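*Asks:* The primary structure of each chain is shown beneath.
Number of protein chains: 2
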Amino acid sequence: MATRVDTKIEEAQIHQLLEDWGKAVDAKDIEGVMACYAPGIVAFDAMPPLRCVGAEAYRKNWELGFEMCDGHGEFETRDMNLAVGGDVAFCHRLNHMTGTDPDGKEFDCWIRWTVCFQKMHGKWLIAHEHISAPIDMETNQGRMDLKP
Amino acid sequence: MATRVDTKIEEAQIHQLLEDWGKAVDAKDIEGVMACYAPGIVAFDAMPPLRCVGAEAYRKNWELGFEMCDGHGEFETRDMNLAVGGDVAFCHRLNHMTGTDPDGKEFDCWIRWTVCFQKMHGKWLIAHEHISAPIDMETNQGRMDLKP
Numbered sequence: 001m002a003t004r005v006d007t008k009i010e011e012a013q014i015h016q017l018l019e020d021w022g023k024a025v026d027a028k029d030i031e032g033v034m035a036c037y038a039p040g041i042v043a044f045d046a047m048p049p050l051r052c053v054g055a056e057a058y059r060k061n062w063e064l065g066f067e068m069c070d071g072h073g074e075f076e077t078r079d080m081n082l083a084v085g086g087d088v089a090f091c092h093r094l095n096h097m098t099g100t101d102p103d104g105k106e107f108d109c110w111i112r113w114t115v116c117f118q119k120m121h122g123k124w125l126i127a128h129e130h131i132s133a134p135i136d137m138e139t140n141q142g143r144m145d146l147k148p
Numbered sequence: 001m002a003t004r005v006d007t008k009i010e011e012a013q014i015h016q017l018l019e020d021w022g023k024a025v026d027a028k029d030i031e032g033v034m035a036c037y038a039p040g041i042v043a044f045d046a047m048p049p050l051r052c053v054g055a056e057a058y059r060k061n062w063e064l065g066f067e068m069c070d071g072h073g074e075f076e077t078r079d080m081n082l083a084v085g086g087d088v089a090f091c092h093r094l095n096h097m098t099g100t101d102p103d104g105k106e107f108d109c110w111i112r113w114t115v116c117f118q119k120m121h122g123k124w125l126i127a128h129e130h131i132s133a134p135i136d137m138e139t140n141q142g143r144m145d146l147k148p
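Same order as they appear, the protein sequences are chains A and B.
At position 132 of the first sequence (counting the first as 1) the number is 132 in our numbering, and the numbers step up by one without a gap.
At position 13 of the second sequence (counting the first as 1) the number is 13 in our numbering, and the numbers step up by one without a gap.
Chain A extracted, bound-state conformation (with noise of 0.2 Å):
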């Protein structure tokens, strides 16, 4: 059975995994990205398509997501709960993004985020990952403008 102690130091390492993910999505910096996610992770993100399979299919998604938001943005994220067990891992928190598009158009949405996390030899990666937003189910409008 893991100690207290053991529950910290993982606790430690996943909050370090997640500072970089954080850092490399300010940066752009798409190596920086992919270097959190397992090579077989399976993520729900908030566009197109259904699901991405592996780390390669999920790539071009992180690619368009960047282009798509190459203006000026900032990041802040609230709400956040972390659950550790042996080598297994889930978080969940709101995060709120806000700037201007590459035309110059303002934008402030707040998105859901959950990431599953496995230990796999020896270090935590991003196993699965699902991003979204609401959607009306009257009109089929995306809710990207739902305050918490």
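Treat the hints as calculated values from the structure; they're not laboratory data.
All values reported here derive from a predicted model rather than from experimental measurement.
Ideal Cβ placement from N, Cα and C applies to all residues, glycine included.
Check the hints yourself; a few may be wrong.
[Stated by the list, open to error] In silico BS3-like links for lysine-lysine, alpha-carbon gap of 25 Å or less:
no., chain 1, residue 1, chain 2, residue 2
1, B, Lys147, A, Lys60
2, B, Lys147, A, Lys8
3, B, Lys8, A, Lys123
4, B, Lys8, A, Lys147
[Said to hold, decoys possible] Listed next, the stretches of chain A that the computed footprint assigns to chain B, with coverage defined by at least 3 CB atoms under 8 Å from CB atoms of chain B:
no., region
5, 55-63
6, 90-103
7, 124-135
[To be verified] Pulled a few chain B residues facing chain A out of the computed Cβ check, cut under 7 Å:
no., residue
8, Pro39
9, Ser132
10, Ile135
Given chain A's structure and the hints, the job is docking chain B onto it.
*Replies:* For chain B alone, coordinates are given in the frame of chain A:
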């Protein structure tokens, strides 16, 4: 350290929980669905709000969902992955829903489904659920029509 046999037992308990959840959803049995959730569940549902904090808040979404799907329906799942470590686990899969709504209109959609579990007082419960479809970033339309 958990043995292989221990992990198999935990996996079997989670598969049973998922089966119970599926049967309760099919039967539109709100008490049965809610019995699968931890009291403190944080849910990111396919429809608004941005997030539901706690079982009572999430129950309202389920009640509304059951009203909206009050016709004949079929439920199919595929591409499930489950990882268990100690008293934490996560699972993701695609859920396919087909049928007719209360007005007789046909629906046929694939939804991404991520579920995170914690073992509490000897019992596995769903501590976090994330359900979504991708959103087209140009039109802001929900893409409930995508096929795997």
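*Asks:* Which hint numbers does the structure go against, in order from smallest to largest?
*Replies:* Result: hints 2, 4, 5 and 8 break, sorted rising.
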